[in-house]
Amino acid sequence: MSEFTVGKRQRRLLWGISVPMALIALTCVYPVFFALNNALKSNREYILDRFGIVSEPTFQNFVQAWTRSNLSEYFFNSVVVTVLSVLALIIVSSLAGFALAVLRFPLRKLIFVVILASLMIPVQVVLVPFYKTIIGLGLLNTRAGLILSYTAFFLPFSVYLMTSFYSGLPRELVEAARIDGAKLTQVWWHVMLPMGMPALITLGILNTLYCWNDILISLLVLQDNRTLMVGIAALRGEYTTNVPLLTAGIVLAAAPIVILYLVFQRKIVSGIAVGAVKG
Amino acid sequence: MSNISITDLRKSYGQVEVIHGVSLDIEPGEFVVFVGPSGCGKSTLLRMIAGLEDITDGDLEIGGTLMNDVEPAQRGIAMVFQSYALYPHMTVADNMSFGLRMAHAPKDEIDRKVKDAARILQLEPLLDRKPAALSGGQRQRVAIGRAIVRDPDVFLFDEPLSNLDAELRVEMRVQIAKLHRTLSNTMIYVTHDQTEAMTLADRIVVLRAGHIEQVGTPIELYEDPDNAFVAGFIGSPRMNFLNARANGPKSVEVAGRTIPLPNLTADLRDGTALQLGIRPEHLDATDGVRLMMDVDVAEDLGATTFVHGTVGGETLVAERRAHVGNAVRELEICFAPDKVRLFDPDGARVR
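Chains A and B supply the protein sequences, listed in that same order.
Here the first sequence stands for residues 1477 to 1755, where the numbers follow my numbering.
Here the second sequence stands for residues 245 to 595, where the numbers follow my numbering.
If you are wondering where the hints come from, they were derived from the structure by calculation, not from laboratory data.
Keep in mind that the hints are not guaranteed to be accurate.
To be verified - BS3-like, lysine-lysine: derived pairs with alpha carbons at most 30 Å apart:
| # | chain 1 | residue 1 | chain 2 | residue 2 |
| --- | --- | --- | --- | --- |
| 1 | B | 494 | B | 351 |
| 2 | B | 374 | B | 357 |
| 3 | B | 351 | B | 374 |
| 4 | A | 1585 | A | 1484 |
| 5 | B | 422 | B | 374 |
| 6 | B | 494 | A | 1659 |
| 7 | B | 359 | B | 422 |
| 8 | B | 351 | A | 1659 |
| 9 | B | 374 | B | 359 |
| 10 | A | 1659 | B | 357 |
| 11 | B | 374 | A | 1659 |
| 12 | B | 351 | B | 422 |
Stated by the list, open to error - Where chain B lies over chain A, by a calculated footprint (3+ residues, C-beta under 8 Å):
| # | segment |
| --- | --- |
| 13 | 1635 to 1649 |
| 14 | 1662 to 1671 |
What the hints assert, rightly or not - So the derived list for chain B, only partly shown, Cβ under 10 Å to chain A, looks like this:
| # | residue |
| --- | --- |
| 15 | 291 |
| 16 | 317 |
| 17 | 332 |
| 18 | 347 |
| 19 | 351 |
| 20 | 402 |
| 21 | 452 |
| 22 | 453 |
| 23 | 455 |
Note that beta-carbon positions come from the ideal geometry of N, C-alpha and C, so glycine has one too.
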């Protein structure tokens, strides 16, 4: 790259852009720092110096949040609900995407359009009928009810994504499997599911985020026994808030998602489809 | 080995009919090639035989059994696709054994059949690789191997060599011919390449716009085409067509020259417009009708030269088994009258 020399003017321009951009990027990091920093402070230290760097780090807030504020119980709820919802979403959207992209049946296009249309309706619009349905089904205050709700609300996007992904795969793969004697369920299990991995992993991450971070639906369905995000929101008092306790809760809630992302970031298989047909 | 019998087979997409009543009988062990320009319905016909497209009307029998509504896997067929259609997440061995695993065949039988097929196709060192780690030719061999392992009555090939480069195509063509000799199964092969059709086929089926134009051995189609389309499609470079006019019951006039055609069975009516077909390789005779050709380009391939030019304003290609050189402006062409094929203005053969 030695021939590629940057003139003085360009270099000044580069710096002129880079520095403000770096500062803007830092503003995204600051809340993370704020949460971590204050989670380690005692309430007293926080009141004396809100923005200073922690001087006497303590894990008291984490212990308190986990035990006394019931976050351990809420955490378990969130894990169960998220894992099962995401599993249901992946299986159902892969099956539906396979059907909509590959199979030919009456009203296929209409069904796809209806799914697309439901993608455009905000959750808030259907809250009242949704709540009444949950009560009518006797699913209020059950984890099954929340799992079902998440699956229903996030399914349209997932089905849409899987349908587009599977539409891009060569049809001959399915035809070859059919000639090889695979039944439809076997085509799905042996061919479509492994071929869909890149899209399914993306979906898994996105839906995990949605389910884990949701407050609104969870607040409606699980009113007695809460999920983590609702529990953390409840740590805020009307007049006073124990900020170190709240930030400790936030750190506890964010940790699993960050870890999950770091693990799967490496496992996102790109180009598994390479070699299926002549590239 | 199974015979295939097709009776008045039709295919429509909505209101549009694309296969217009095709009938054909294929003998057990025969290698039949469907050939025609793109959009002629050859692949659709093959996919109807495979069971990948519904049959709108007509009957399809394989081995004497009506197969119209039978699942592809139950038809006793195996298919090799143009795009290979290998399962990218499986190894070569898994790709080849997939059909047997779906049929719950015993493990030692699967192993034996995969090994046999791998030996025939020289795939043994590649069995543990994934398709992404193979070259185009190797992938196509795996696709053929997957078909062999199924031990089908009928092999179906859908333009299997189109994605390969020219050299590999010749190699694979020979390999498929050998395979047919070894296995002697019934094979149906779809291609738009007339060289593949000529070299591989026991019988060629020429299709155009959803109709069969002619069925016959390669030599029959080459020597005795039923119409101008078949005459033009079979043979490379294609047959030359010149405007002609009957000037006697057994003679025509071309570019001011009278050509006697004593072998005609029909009597021509004076003044009838006709097309005279003559192949480039037949323009090098020592004895016969002589014409002068204005040369545009001479393509020297070493052993052969294709000379492009015009006779009386009509374009023509002549083949010479010698170097012609680019300086030549005029060339004398000469052909024996018995090599001439005559067609009426609609393209039907006049015999």
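Going down the list of hints, with the structure as the test:
1. B:494 x B:351: Given that 30 Å is the threshold and the Cα spacing comes to 71 Å, the pair is violated.
2. B:374 x B:357: The hint holds at about 19 Å.
3. B:351 x B:374: 21 Å, holds
4. A:1585 x A:1484: Measuring from Cα to Cα gives roughly 59 Å; hence the hint is violated.
5. B:422 x B:374: 26 Å, holds
6. B:494 x A:1659: 64 Å, violated
7. B:359 x B:422: At roughly 18 Å apart (the allowed maximum being 30 Å), residue 422 (chain B) and residue 359 (chain B) satisfy the hint.
8. B:351 x A:1659: Roughly 20 Å separates the two Cα atoms, so the pair holds.
9. B:374 x B:359: Given that 30 Å is the threshold and the Cα spacing comes to 17 Å, the pair holds.
10. A:1659 x B:357: With Cα atoms ~22 Å apart, residue 1659 (chain A) and residue 357 (chain B) stay inside 30 Å; holds.
11. B:374 x A:1659: 24 Å, holds
12. B:351 x B:422: 29 Å, holds
13. 1635 to 1649: With 3 residues in contact (Cβ-Cβ under 8 Å with chain B), the coverage given for the segment 1635 to 1649 of chain A holds.
14. 1662 to 1671: holds (count 5)
15. 291: The hint holds - residue 291 (chain B) has a Cβ within 10 Å of chain A, the shortest such distance being about 8 Å.
16. 317: 4 Å, holds
17. 332: Interface hint status for residue 332 (chain B): holds (4 Å vs cutoff 10 Å).
18. 347: 5 Å, holds
19. 351: 17 Å, violated
20. 402: Interface hint status for residue 402 (chain B): holds (9 Å vs cutoff 10 Å).
21. 452: Residue 452 (chain B) check fails; min Cβ-Cβ to chain A is 25 Å, beyond 10 Å.
22. 453: This interface hint is violated because 24 Å lies over the 10 Å limit.
23. 455: 26 Å, violated
Violation of the numbered hints given earlier is confined to hints 1, 4, 6, 19, 21, 22, 23; the remaining hints are satisfied by the structure.
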